[in-house]
Amino acid sequence: LCTSTITYIDGDKGILRHRGYDIKDLAEKSDFLEVAYLLIYGELPSGEQ
Numbered sequence: 001l002c003t004s005t006i007t008y009i010d011g012d013k014g015i016l017r018h019r020g021y022d023i024k025d026l027a028e029k030s031d032f033l034e035v036a037y038l039l040i041y042g043e044l045p046s047g048e049q
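Residue numbers (our numbering): 1 to 49.
Everything labelled a hint here was simulated from the structure, so no lab data went into it. As the structure is a prediction and not an experimental result, all values here were calculated from the model. From the three backbone atoms N, C-alpha and C, an ideal C-beta is built for every residue, glycine too. Be a bit skeptical, because a hint or two may be false.
Estimated spans, in silico, between C-beta atoms of each pair [as the list claims (entries may be wrong)]:
#1 K29 <-> T7: 30 to 40 Å
#2 Y21 <-> L1: 10 to 20 Å
#3 D22 <-> Q49: 20 to 30 Å
#4 E48 <-> Y21: 19 to 29 Å
Listed next, the in silico EDC-like pairs over lysine to aspartate or glutamate satisfying Cα-Cα at most 16 Å (straight line) [claimed, not checked]:
#5 K24 <-> D10
#6 K29 <-> E43
#7 K24 <-> E34
Modelling step: build the complete structure from the supplied sequences, incorporating the hints.
This is the structure we're talking about:
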């Protein structure tokens, strides 16, 4: 189990989250720059960003 403000990992349960978002959802719905923005600023970018 690993917890920080950026990442949550529970290997026993197979859980990996960045800033509260499941990694599978990020991989399917976001591109690299959106995830980088999320990791840096704590939220996904809006359409204008």
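Quick rundown of the hints versus the structure:
The beta-carbon spacing between K29 and T7, approximately 18 Å, falls outside the hinted interval of 30 to 40 Å. Checking the proposed 10 to 20 Å range against Y21 and L1 shows it holds: the Cβ atoms sit about 18 Å from each other. Checked against the hint of 20 to 30 Å, the pair D22 and Q49 passes, with Cβ atoms roughly 22 Å apart. Roughly 20 Å separates the CB atoms of E48 and Y21, a value that falls within the hinted 19 to 29 Å.
For the given pair, K24 sits about 14 Å from D10 by alpha-carbon distance, which is consistent with the 16 Å threshold. Between K29 and E43 the CA atoms are separated by roughly 14 Å; this keeps the pair inside 16 Å, and the hint holds. Restraint check for K24 and E34: satisfied, since their Cα atoms lie roughly 14 Å apart, inside the 16 Å limit.
The structure does not agree with numbered hint 1 stated previously, though it agrees with all others.
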